[in-house]
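The sequence shown: position 340 = 340 (the UniProt record's numbering), numbered continuously.
There may be inaccurate statements among the hints.
SDA-like cross-link-like pairs, simulated, lysine to any residue; straight-line CA separation at most 25 Å [what the hints assert, rightly or not]:
(1) K62 to L73
(2) K75 to G147
(3) K314 to A336
(4) K175 to N93
(5) K299 to E279
(6) K339 to N242
(7) K251 to S140
(8) K6 to Q26
(9) K81 to E279
(10) K175 to D284
(11) K62 to G123
(12) K44 to V13
(13) K94 to T80
(14) K94 to N242
(15) K81 to E70
(16) K179 to K75
(17) K333 to P266
(18) K236 to R273
(19) K288 to P266
(20) K62 to K81
(21) K179 to K62
(22) K177 to S297
(23) K299 to T184
Just so you know, the hints here were simulated from the structure itself, not pulled from any lab data.
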Amino acid sequence: MTNVTKYQTAGGVRYRVRYRKPDGTQTDKRGFKRKVDAENWAAKNITVAKAEGTYIDPRRGKATVGELAEAWLAKKRLATKPSYYDDLEGAWNKWVQPTWGSVPVAAVTREAAQQWVASISAGVRSDETGEWVEAPKSASVVLRAHGVLAGILDDAVADRRIPANPVRGIELPRKTKSKHTYLTGRQLAALADACDTPLRRTLVLTLGLTGLRWGECVGLTIADIDFTARRIDVNKSATQINRHIVVGTPKTYEIRRVMYPIELEPLLRAICRGRGGDELVFADPTTKDGYVHQPHSPKSDDRSWYAKASIQAKVPRLTCHDLRHTAASLMVKAGANVKAVQHQLGHASAAMTLDVYADLFDDDLDELASRMSALLVSQNVGKMWADDLTEAS
């Protein structure tokens with residue numbers, strides 16, 4: 001039951017809508033300048049919403065984005081990998097919380113969210129000096145920040161604090177794919193030979209020949225290597241987060257068994273010889289936790305052992321993760337099919353492998369064209385077309 005009554009304010013007559021919520025308690029909505037506006041609001045937001053079961057208590061929308069963020073982040077901590085959670089928390093602290101932390105979820109608008117996304121993407125210059133106060137950010141940064149805000153508001157919708165999520169569907173920047181650079185087998189060998197210790201040499205070759213992710217590789221224990229079958233069991237990942245190692249499951253949560261070429265075997269045997277099965281294959285005695293920590297990208301820092309090896313070997317300045325791309329390239333050149341490459345790399349699907357490494361399969365298209373041409377010739381189809389063209393001319 002609703003009723004509209006008027007009351008006097010310093011600015012003149014105003015109207016309020018008094019109504020009962022589904023739980024039976026009474027509340028009101030004030031501030032309407034015209035009675036008809038109050039009646040229309042009541043009809044749309046109270047009477048119809050109650051009948052359809054879509055009623056939203058306006059007071060629940062007063063909870064701020066910051067108040068709901070804690071529960072959302074706690075949920076993500078349970079459901080995501082530590083490294084990804086660290087990215088989400090960083091995006092919340094740097095981009096979302098300063099702008100939206102104190103804003104009630106019901107007050108978030110599509111227009112304001114669109115302007116916020118645009119400002120992150122475009123960056124901010126000082127009006128006085130013209131220098132960048134905040135440099136333009138990549139599409140990945142913008143998409144992650146938007147995803148945090150949108151996720152929190154999705155929970156607000158699910159909790160019936162707001163009727164819909166206003167930031168879903170706004171215009172977002174598109175991520176552009178960067179072109180992969182692949183080392184040849186000779187270049188990979190030169191890079192490995194330029195490393196300053198046998199352990200680092202073997203680590204580089206293992207990354208570049210098996211396609212393991214960095215965390216999967218440095219997390220290997222000696223028991224994970226089956227020297228008889230030349231297989232490696234990938235069942236954990238040692239992920240580096242803020243200079244600390246967190247051991248968890250592989251990226252896609254899938255435990256897999258991968259091959260390594262026989263050329264790698266004597267090097268692996270040499271660094272494993274005389275050690276226990278639970279010891280790290282690539283143990284680093286110079287670090288407190290015993291793990292090899294990932295060196296900085298040689299593209300931006302020349303001081304690490306990996307950067308020095310890249311310079312000495314005179315090979316393209318690839319990151320350690322890029323060696324995974326080199327492994328994919330070598331496997332494809334060796335004749336591996338898409339499913340084999342997918343399994344070796346630990347991709348969620350063959351479609352993902354094709355999407356990431358489409359350029360590696362260009363030669364397959366050339367072979368397909370040749371085979372189709374041979375088929376048409378064997379059936380005299382091509383000759384028929386040639387004859388038709390001759391007659392037409």
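* Tell me, in ascending order, the numbers of any earlier hints that this structure violates. => 3, 5, 6, 10, 11, 16, 19, 20 and 21
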